[in-house]
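Number of protein chains: 2
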Amino acid sequence: MPAPLPSERAFIPFVSVENMMRLVHHVGIETVLVELTDAVEADFRRWDLFDKTPRVASHSHDGVIELMPTSDGAVYSFKYVNGHPKNMAQGLQTVTAFGLLAEVSTGYPVLLTEMTLLTALRTAATSAMAARHLAPANSRRLTLIGNGAQAEFQALAMKAVLGIEEVRLYDIDPRATEKTLRNLAGTGLRLVPCTSAQAAIEGADIITTCTADKQYATILTDNMVGAGVHINAIGGDCPGKTELHRDILLRSDTFVEYPPQTRIEGEIQQMDPDYPVTELWQVVSGRAKGRSSDRQITLFDSVGFAIEDFSALRYVREKLQGTDYFQKLDIIADPDDPRDLFGMLQRAA
Amino acid sequence: MPAPLPSERAFIPFVSVENMMRLVHHVGIETVLVELTDAVEADFRRWDLFDKTPRVASHSHDGVIELMPTSDGAVYSFKYVNGHPKNMAQGLQTVTAFGLLAEVSTGYPVLLTEMTLLTALRTAATSAMAARHLAPANSRRLTLIGNGAQAEFQALAMKAVLGIEEVRLYDIDPRATEKTLRNLAGTGLRLVPCTSAQAAIEGADIITTCTADKQYATILTDNMVGAGVHINAIGGDCPGKTELHRDILLRSDTFVEYPPQTRIEGEIQQMDPDYPVTELWQVVSGRAKGRSSDRQITLFDSVGFAIEDFSALRYVREKLQGTDYFQKLDIIADPDDPRDLFGMLQRAA
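Those protein sequence lines, which keep their order, are chains A and B. Okay, so the first sequence: first residue is 599 according to this note's numbering, each after it adds one. Okay, so the second sequence: first residue is 599 according to this note's numbering, each after it adds one.
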């Protein structure tokens, strides 16, 4: 007897890298970034509904593998993501990721997708969302220190969401800056390559640091940072990896995603446990102040949090409706009689 | 310009439910169970090498979704698994699962596979492995209380690994017992359906309880359990779900996988925190005694642990070599220049 076909419930939509790229181009990169920014903001507004836990990290000499679960009570998500700074030397990605959505009521997955690209998009969208609440009014000039895999996504999100017009670029490796210039040509942004971090931050409204080295680094020193700027620090995102001199933190008002995670992984791992921070969701939902003066230095000490991935996953799920940018994967065994798993196996012989 | 093809590293072997069934039949179900038992035992022997953490559970009214990560320093694994007892009423599986292996040195996944079937196989293999160390010598008679999705796997593993000849069956739902009788016909086992748990355990060398209800249940009471038996309790595997009366525990020597997890999830959640247990890996590796007398009641209070999934995943990875029982999934974005993720996206337009 041939194996009976699995039921429709047994097939999970899977978005490959190729299909994710198709989906992004179908919608338009800047539109995706704007819509994702809104999706992330909507979930920050209902932050207290979510199950929150620091990510589950498996550290090794070469890097880290993390699982980042969350749930809003109806839908569960998790992301698998690694961070291996030395991968680049072997021609591999520093960060790769994939993720899943499942129904809380049944535990059945409803979406499996690549998240290397999606993480790059959601990280930029989260930065833009934070900047919408924290950056100086009418910000037009962005500095990008670190011109790696995240750089163009940051530039386009800040352009599409905030109206950034000029991007000043610096990387210790000039080839990274050249790559970024090449990729952003034709986007309408005024691009200014710089030969030092100092030169790059001149006149910046927003400074984004997105370097990849796993070390205590000082990308910015205190004397480089003038009043009124918004710093978006996204490269310092695991224990032993920071980008800013601690004196900058002493002059800044610091906003974070989830303090128990950020105090271990963010820039503030350099500070005492009682260093004051504001949770960004409280700003977004109107419970706390964001920027309160022109002279204030605001710092979004971003390490990435599971709720941002949740937002990105549910956005992709919505956008997939009516498209064929997915395959169906037979990943859930679904016998006719749920107790008859063995019979299903036996009949497949 | 057409999108460049992803490199070989970007493709992850994926084993669907259909391919897992093919692989199992290709090897032979009983051979799989014997080999898996050895694979699990080999990893129990090197237990202290593994990163161990209690699973990360997201509990809801209807069930639980769990992530179970571990690593031996060279290879990382995790399993996604749900437990939703009410699913059965909707015609859905109570437990579904999938899992992944990745290289620790790069964080790159090397295998993605269904694990609903694989979990059923590894759970039975783990039971057989424990029984090999704890059950009375020359055990021939197995009682299965709970004749659901796990029942046949338990029966065949105990037959293939220990030489069990007779299986006595009881379930509160006679249809479950009928299903199990039907599926095990022709396996060479002597099958004895019973109308009560009391009748089922008569003369048993090994009693396996594998019921699914999420509640404090008393499948076995103290007066039912005679001297010398080995109890394999696998249904009590989350907070609020137990199968044995606590008086049985007071007369038994209890063996567990990972105490921090079992004290929350296992039968011993009924006991004081200092209730004595022996870690099974210490028995397997010769550091602690298993069964020490004919009169002793041994209890394997099994809740399932990540290392067992690791064993199952690496076993599947080995067995896939030279077969075509997998698809290749484009789940990892892998641009030629690892910093040029955006360029890869742009060129796919």
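Check each hint, because a few of them may be wrong.
Which copy? The list can't say, so a pair holds if one copy fits it or any two copies do.
[To be verified] Derived lysine to any residue pairs resembling SDA-like cross-links, with alpha carbons at most 25 Å apart:
1. LYS926 with ARG915
2. LYS684 with LYS887
3. LYS887 with LEU647
4. LYS684 with GLU776
5. LYS650 with PRO858
6. LYS917 with GLN894
7. LYS917 with HIS657
8. LYS684 with ALA672
9. LYS887 with ARG643
10. LYS926 with HIS659
11. LYS650 with ASP870
12. LYS684 with MET869
13. LYS650 with ASP934
14. LYS926 with GLU616
15. LYS684 with ASP928
16. LYS887 with GLY826
17. LYS926 with HIS623
18. LYS887 with GLY671
19. LYS887 with SER703
20. LYS684 with PHE609
21. LYS684 with SER883
22. LYS684 with ARG607
Just so you know, these hints were derived from the structure itself, not from any lab.
Enumerated hints in conflict with the structure, sorted upward = 2, 6, 7, 10, 12, 13, 18, 19, 21
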